[in-house]
Amino acid sequence: MNSKVKLSVSPHIHSGKSTAGIMRDVLISLLPATVAGTVIFGLRSLLVVAVCVAACVGFEALFNWIIKKDQTVGDLSAAVTGLLLALNLPANIPLWQCVVGSLFAIVVVKCLFGGIGCNPVNPAITARVFMLVAFGSMTVQAFPTVVDTVSSATPLSLGEGAELPSLLELFLGLNGGAIGETCVLALILGFVYLLVRKIITWHVPVAFIGTVFVCSFFMEGMSFVGALEMIFSGGLFIGAIFMATDYVTSPSTAAGKLIFGLGAGLLTFIIRYFGVYPEGVSFAILFMNILTPYIDSWTRHKVFGVGGKKA
Amino acid sequence: MAFSLHGVHVPHRKNTQDKPVARMDVPQTVTIPMVMHIGKAAQPVVKVGDTVKVGTKIAEADGMVSSPIHSSVSGKVIKIQDILLSNGAKAPAVVIESDGEMITDENIKAPTVDSKESLMEALKESGIVGLGGAGFPTHVKFNVDPARIEYLVINGAECEPYVTSDTVTMVSRGSDMACALRVLSKYLGIQNVIIGIESNKKAAIASMKQLSEEVKDACTMQVKVLPAVYPQGGEKVLIYHTTGKVVPVGKLPIDVGCIVVNCTTLAAIGAYLQTGMPLVEKCVTVDGGAVKNPQNVMAPIGVSMADLFAVCGGLTTEPAKLIYGGPMMGITVPDDSAPVIKNTNAILALTEKEAKLPKTTACIRCGACTNTCPFGLAPAAISKALENKDADLLTELSVNACMECGCCNFVCPANRPLVQNNKLAKVFLREEKAKEEAKA
Chain A
1 MNSKVKLSVS PHIHSGKSTA GIMRDVLISL LPATVAGTVI FGLRSLLVVA
51 VCVAACVGFE ALFNWIIKKD QTVGDLSAAV TGLLLALNLP ANIPLWQCVV
101 GSLFAIVVVK CLFGGIGCNP VNPAITARVF MLVAFGSMTV QAFPTVVDTV
151 SSATPLSLGE GAELPSLLEL FLGLNGGAIG ETCVLALILG FVYLLVRKII
201 TWHVPVAFIG TVFVCSFFME GMSFVGALEM IFSGGLFIGA IFMATDYVTS
251 PSTAAGKLIF GLGAGLLTFI IRYFGVYPEG VSFAILFMNI LTPYIDSWTR
301 HKVFGVGGKK A
Chain B
1001 MAFSLHGVHV PHRKNTQDKP VARMDVPQTV TIPMVMHIGK AAQPVVKVGD
1051 TVKVGTKIAE ADGMVSSPIH SSVSGKVIKI QDILLSNGAK APAVVIESDG
1101 EMITDENIKA PTVDSKESLM EALKESGIVG LGGAGFPTHV KFNVDPARIE
1151 YLVINGAECE PYVTSDTVTM VSRGSDMACA LRVLSKYLGI QNVIIGIESN
1201 KKAAIASMKQ LSEEVKDACT MQVKVLPAVY PQGGEKVLIY HTTGKVVPVG
1251 KLPIDVGCIV VNCTTLAAIG AYLQTGMPLV EKCVTVDGGA VKNPQNVMAP
1301 IGVSMADLFA VCGGLTTEPA KLIYGGPMMG ITVPDDSAPV IKNTNAILAL
1351 TEKEAKLPKT TACIRCGACT NTCPFGLAPA AISKALENKD ADLLTELSVN
1401 ACMECGCCNF VCPANRPLVQ NNKLAKVFLR EEKAKEEAKA
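Residue numbers (my numbering), protein chains in the order written: chain A, 1 to 311; chain B, 1001 to 1440.
Here chain A stands alone, though its shape is the one from the complex (with noise of 0.2 Å):
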């Protein structure tokens, strides 16, 4: 008897947790923004997040299977990529541009550096970037109409005098932006289910978005209203909860996540107010995301029974 049984170095049992059921959360956290931004940009909004997601998708598998590499888009990562990226374009975007962004952030960032877990930056930001580059102000500053409503761009780029949206409105995104950006409340939902899920800690999110706040309401003139509107505009959220936590292109430990979003929270405020630019988010991102490795190198945990006391 016996003859199946199988040798193998412990342990024996797993946890059950997966990469594919980290994603599929990515993906849930992700439906109320995708739900607004619908409501807030109209039917098209569903159509930009389709073709991404397909071409996404669609890319990584094409890639794997001319390289012969096992097939990976199972582990969702794909598809989270592809959704991150839609929601971070405007609803009147061009179908092709969508195509062009999601091969870039796909192949080029993301299979060509050796695929899931291997690429130094993320894709979706670096895609945006790219977009934003290349394809100029459709990007940034052609915003499409808000359904029913008068404003026509992000509040960070109207020129001084120009009516801002109330603080109200820019919290339930009634105001110009990426299809996924401009509902704050949305996102906030998304963040919760993070958290109650263990997908992310709050370190990020949390130090990104408060450096920014607290930068803000100094330059506003110790405005807390201006502040809000400050972090309740662009993609701070969106930014900070979705893709500043990417695994991937940020530290491990919770010491290495807090200097990651005190530093991007720095230059997004840096950017946004003295750069070229009116949003620095994705660029704030991906300037962290480099300094990555070195982040998580001077932030290890100190180990037990190493040199003293346990820190």
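Don't take each hint at face value.
[Said to hold, decoys possible] With a cut-off of at most 30 Å between alpha-carbon atoms, the simulated DSSO-like pairs for lysine-lysine come out as follows:
(1) 1014(B) with 198(A)
(2) 17(A) with 1426(B)
(3) 1053(B) with 198(A)
(4) 302(A) with 1426(B)
(5) 4(A) with 1359(B)
(6) 1389(B) with 69(A)
(7) 1053(B) with 1014(B)
Hints listed in this document are in silico derivations from the structure and should not be mistaken for laboratory results.
Since the structure is predicted, the reported quantities are computational estimates derived from the model, not experimental observations.
Since the structure of chain A is provided, determine the placement of chain B on it from the hints.
Just chain B, lined up with the frame of chain A:
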């Protein structure tokens, strides 16, 4: 103590903790390996054809760190042959054919203990080794300057899934433990005793509270109820959570004034001091989805896994894995002829479903491994450093601190072989060091 160390919530599956301990029929043969402890193999003092009784010494300790071995049945030595141990090494084993009588050796009598020296001699003759799994000879562990012992920490955590043999020992053998505590405190001057038990073992906690009352005249025994988080029973984890002391990497518990003893080891000491019967049987948890009637069995040392499964109604399905010990740190064996040894606390027959592990995929740098490691190691970074054969980085990452509990592997969503790589990294560092020394 500022923090609790991290760990994981494993499924407990303590199916057997409330069931009575089964006695088994006299086995036909027992196969007793000469290596059931850390240290040098014991030297057989019997030859083929000799008649032995229960408790007859069949092998003598060889050197300082070793332990004598006694027959667990009465009968005749029929073979002395090499067998394959669970760690892959070969060692001689004495095979005894039972006469079915279980006659006790007439020379067995309670030892006279009236000094530290006579206590150490008794502990050595008892054949008792660390029964929590390590198998370190008990007489060596206790043979320290009594002034160095600040705490005796009793390990009653039993954090591995399925395993309940320590728990049932705590519930049913309090009087043996009391006897041991009295003698140890008398001759080793042990004053402070702390037992750490996981909160999910209510009956054991009650029994140990009773024990602490009972031994009040001899020593102060504190019952510390700990969260049921694996690996609560890891030696250094337990010391930290009971005494707040940190054992530095590469040091022993005694270096911070602690001796850790497993609750079953303590009960075995008490039993020996009262009766003089050496360690010849062990309570073993027999469980796993393939076992018909999971339960604890009092097993003579040397009976085969197959015999124990038979006591438990046999196997209902072909097992996918046979394991000595728990599923987190246990060792798989190729067939059910493997014998129960002194420090076997469980044997498991896992079904295909229980033993199924997810496919290994790419690391997504989620950080679960480093955020779960009780000692704060960075397993993913260690794996990468090992891949690059970077001995300096491995040293910087303190891989030698790893206790190999397997939490990193358990939580890894990509099911990467992290703890396995830690083990390989330790071997790699040892080899590199040997190379350096050979050059110098």
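Report task. For the pair supplied as a hint, residue 1053(B) and residue 198(A), confirm whether the alpha-carbon distance does not exceed 30 Å. Result -> violated (59 Å)
Query raised in the report: When you check the alpha-carbon spacing of residue 4(A) and residue 1359(B), does it fall within 30 Å?
Result: Holds, because 19 Å separates the two Cα atoms, which is no more than 30 Å.
**Report entry** 30 Å Cα cutoff - pair residue 1389(B), residue 69(A)
**Finding:** Within the cut-off at roughly 26 Å; holds.
Query raised in the report: Can the restraint linking residue 1014(B) and residue 198(A) be considered satisfied, given a maximum Cα separation of 30 Å?
Result: Since the Cα atoms of residue 1014(B) and residue 198(A) sit roughly 27 Å apart, the hinted pair holds (cutoff 30 Å).
Query raised in the report: Is the hinted pair residue 1053(B) and residue 1014(B) satisfied, with a Cα-Cα distance of at most 30 Å?
Result: Measuring from Cα to Cα gives roughly 35 Å; hence the hint is violated.
Report task. Below or equal to 30 Å on CA atoms is what counts here, so check residue 302(A) against residue 1426(B). Result -> holds (19 Å)
Query raised in the report: Between residue 17(A) and residue 1426(B), is the straight-line Cα distance small enough, at 30 Å or below?
Result: holds (27 Å)
Against the hints set out earlier in the document, violations occur for numbers 3 and 7.
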